[in-house]
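J.: With the hints as a guide, dock the two chains, each given alone in a separate frame, to form the complex.
Top line first, the protein sequences correspond to chains A and B.
Quick note, the first sequence lines up with residues 1 to 291 if you use this note's numbering.
Quick note, the second sequence lines up with residues 1 to 280 if you use this note's numbering.
I should point out that these hints are in silico values taken from the structure, not numbers from a laboratory.
Please read these numbers as outputs of a predicted model, since none were measured by experiment.
Among the clues, some could well be false.
Stated by the list, open to error - Pairs of lysine to aspartate or glutamate residues, derived as DMTMM-like cross-links and limited to a Cα-Cα distance of at most 20 Å, are as follows:
1. Lys92(A) <-> Glu78(A)
2. Lys152(B) <-> Glu79(A)
3. Lys155(B) <-> Asp84(A)
4. Lys231(B) <-> Glu199(B)
5. Lys65(B) <-> Glu113(B)
6. Lys152(B) <-> Asp96(A)
7. Lys92(A) <-> Asp67(A)
8. Lys285(A) <-> Asp84(A)
9. Lys259(B) <-> Asp127(B)
10. Lys160(A) <-> Glu30(A)
11. Lys118(A) <-> Glu52(A)
12. Lys238(A) <-> Glu249(B)
13. Lys259(B) <-> Glu27(B)
14. Lys153(B) <-> Asp84(A)
15. Lys152(B) <-> Asp84(A)
16. Lys152(B) <-> Glu78(A)
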Amino acid sequence: MRIREIVVISGKGGTGKTTLTASLAAVAAERKILADADVDAPNLALLLHPEETFREPFRGMSIAEVDRTRCTGCGACEESCRYDAIHVREGKAVVDEGFCEGCRVCLHVCPEQCISLKNFERGTIRRGDTAMGPLWHARLNPGGENSGLMVALLRREARKEAETAGAQLIITDGPPGIGCPVTSSVTGADFAVIVSEPSMSALSDLRRAAELCGILAVPFGVLINRWNLSEELTETLKKTCREKGWLFLGTIPFDRRIAEAVGSGRIPAPEMGDVLPALWSTIRKAGRLEQ
Amino acid sequence: MRIAVASGKGGTGKTSISASLVLARPENLALDLDVEEPNLNILLGAFEGGVLPVTMPIARIEGSKCVECGKCARSCVFGAIAWMGAGFPVINDSLCRGCGLCSRVCPTEAIFEEDQIVGEVRSGTCDGIPFLEGRLRVGSVSTVRVIEETVKKAKAFNRPGWVMDCPPGTACPVAASLRHADMALLVTEPTPFGRSDLEGMLELTAGMQIPTALVINKTGIGDLSLDDLCKKFGVEVLARYPFSRSAAECGARGESPFKTDAGWAEITRTLWSRIERRFS
Chain A
1 MRIREIVVIS
11 GKGGTGKTTL
21 TASLAAVAAE
31 RKILADADVD
41 APNLALLLHP
51 EETFREPFRG
61 MSIAEVDRTR
71 CTGCGACEES
81 CRYDAIHVRE
91 GKAVVDEGFC
101 EGCRVCLHVC
111 PEQCISLKNF
121 ERGTIRRGDT
131 AMGPLWHARL
141 NPGGENSGLM
151 VALLRREARK
161 EAETAGAQLI
171 ITDGPPGIGC
181 PVTSSVTGAD
191 FAVIVSEPSM
201 SALSDLRRAA
211 ELCGILAVPF
221 GVLINRWNLS
231 EELTETLKKT
241 CREKGWLFLG
251 TIPFDRRIAE
261 AVGSGRIPAP
271 EMGDVLPALW
281 STIRKAGRLE
291 Q
Chain B
1 MRIAVASGKG
11 GTGKTSISAS
21 LVLARPENLA
31 LDLDVEEPNL
41 NILLGAFEGG
51 VLPVTMPIAR
61 IEGSKCVECG
71 KCARSCVFGA
81 IAWMGAGFPV
91 INDSLCRGCG
101 LCSRVCPTEA
111 IFEEDQIVGE
121 VRSGTCDGIP
131 FLEGRLRVGS
141 VSTVRVIEET
151 VKKAKAFNRP
161 GWVMDCPPGT
171 ACPVAASLRH
181 ADMALLVTEP
191 TPFGRSDLEG
201 MLELTAGMQI
211 PTALVINKTG
221 IGDLSLDDLC
231 KKFGVEVLAR
241 YPFSRSAAEC
251 GARGESPFKT
261 DAGWAEITRT
271 LWSRIERRFS
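So that you can see chain B by itself, here it is in the shape it has in the complex (with noise of 0.2 Å):
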């Protein structure tokens, strides 16, 4: 089974929980997809394996075969291409999305595609534990690709089930992830911030129709009531882990609780048992 792990905002626990269920069941493989800012390596141990590019093409123009036409530039949507009705049409790499359309407007074959890198892929293992994380390149925004590139060597794994830790938010990066699970867990915490962000990750698991499920991390922080949407969207309760100082410092260490609070680490495994029990 192919379990997200999402939440809508930020710092709920997403990757402290995905490290956990991971380590309760090391057989999965564990999926970094948060690739803007993965930590999941963080919390499973030292990474050994390798490191694979990913590219996306870029327009580049042949001064010696354009003719100077400009159906290119007003060909392209992103606005990446300028031309001031004379002369060479000039490229902006940063804008250009790789779409290919320009190069096949172009009377004269004038424009190529060059490969730019835009993140990478991290395949191997986490302290034993097969492990696999996208990791964007500082500075591309390129994010649904690098999360679609590691998601297509995941499959190649072959492995019985995958731990996804997803991206923060509700937009497309989520959707992309969420698009190759069986399942969505969400983590959130009992405050107003976590509250609303829920109901946006709610609407979209639910417009997507993913079996959803919750997870309340830091039970105590806040003590705002949940039940009315999950009444609304038909959702449960899986797991409830209580905010406890030593579990944070533990996390802020680099350290998974799972494997020095046993509290938690029985939470996590009751989330287990529910989750095969009513998922599988």
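One chain only, chain A, in its complex shape (with noise of 0.2 Å):
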């Protein structure tokens, strides 16, 4: 059987993705695993309580080192290096850990041969049971690179377990933003589901969004979550869907009490109501899951 993967992501952040992911989790009825992909700031543990059963440093990209004791603060690095990572300073080669890319570029130039590549931990990728289904989800130390890297290989292990445990489906919670981790959260998934919400931000980073699922030919929808806010900029936001072509899913209304269920550390499928239901059976034919 096929597995298919479904992401969700917003553009704007804030807009409602873990709570909606963790809500599709709790209403899906197939034999599912469930990836947290928002590796810098990851919240669906917070809701889904994970029992965890696996953890493992993660190490991105190795990055350059100087040998300080061979170092003359001669500069060649400093020319050459296009991401503005390695400095002179007190006459001394320095590496500036997060913008360095590992490239080698400097490598090359140095005449003493005193730089080096060295690899290190930049976050940790764990796994753990939940009432769910399995959840992998992972954290990128603050002020970390390479996320794009981790959210791949997490979702590859996401990938593995479906296959050995007979899962047909792997629902993804995305990163805010239309950059690396976004772009690969997405790629190579069945279906997005962009949740939006009634304001003119969440408008403009709309429309990016389901740029960016153009470009990377990944069919999407669109949710308006909080969509009594402002009726009238929910009308605005269905016409730009109609507009453009892009299939609408449905609404999910602001109410305190799914504020308060989220605020509490549970997912408040309850108090969504028939709401829920209808939503997942709409990305369900979208998604084009098997019956």
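T.: Right under this line is the structure:
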């Protein structure tokens, strides 16, 4: 059976990706694997409460390290670095670890050959069991690079487990934005749910997220969360969907009880009422999940 | 003073609070560094000015000079050059990071570089306020490159202070923004998600040794205490904005609550005076 992967993204942060992902996990009857790809601000575990079964350090790409005893401070490395990641300070080259991409240009140009590559821990990848199914999640160390690579590894683990466990569905909680980790979350997924909300900012971000899905050739649908905060802007969003030919999936109302459930670490599936199974059925059809 | 408004979690109100800070002190430069989803202009008003492209070099191979040795492919750590052991190597544009190593190792100078547009910087005013915004091209992943270019342009603006609307998360785009800041103002909300992401941000600003203070937004939608985090990291809460449906609706329409909500404006003015007293 083919495994289908649904990824929840938003463009704008704070529109309710994580709450929706957890709620879909609660309502989907399929055998499934869950993944939190928002690796630098992961929150899905706060609703799913996994019991940890596995934990492994994440090592990103190697980065440059300078042997200070041999460095003459000539500056050839600084001049050649395209990422502004190495600077001569007080006569010695210093690597700015948060910016080094590990491309090795500095190793190539250093006349003293005193630069080497080192690999270090950039975060942790974890797996846990939850009432909704296994959860793969991760945390990138603050300021860390390689979030795209970390997301790719996480998705690979989720897929591997889906294959061995015979699960036909993976639901991934994506990061905000449209950059590296989002591209890495969406590439190759079967369907993207874009969670928007009735605001001018969310509309602007929705356009960019939809454009990204188009570039990556991933089919998507749009969901409007907290629609009743502005009926007028909800209409504007719906109209944009119609004009652009984007699939409109449905709406979720703003309800204090939903916020309170999340506030106490609980999936707000009961608070969403009939809205949730209806949404899931629409997403199932749109994402072509097999019966 | 250069103030970075950041949050960890998205949607806590970074942009609303950035816009309010700027509207209260319009002599400062409004700087939108959330280049993946720039929205500060929406709250500040009509943009007038120019647009400059941000480019990044990517590798190209000149077939007539290539001797098919494969050194370029072996040197590329990003796996952006495919070579099957014979014939011309092929460059995958979306994986090329423009480091320039392949052109350095090529023995016949067959590799040259071509500028690719990865985003733009919009520079001018929003409703009269000096304004600068980075905007990543959709499909590009060069977030940090666009942030760096935007900051470079900001330095030429010659303004006494900056209010920087930063990207969400705690990864390299935020670090790239924070490294130009004199202080970080972290906007959070009293919920489990807000708290968890705030902790990551506090670790980041502590690691970067940036003076840090908190703003708690939407008090009332949750009641989670953040006192222990404040104590652990030695930071102070400088302002609390209560959750109000009217402020949320106003922001949703693209208007800053600073202009329409007297209570909101007063909190912002107090916030400014506390920032100035403690951090300048």
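J.: Which earlier hints turn out false for this structure, listed by number in ascending order?
T.: 8 and 11
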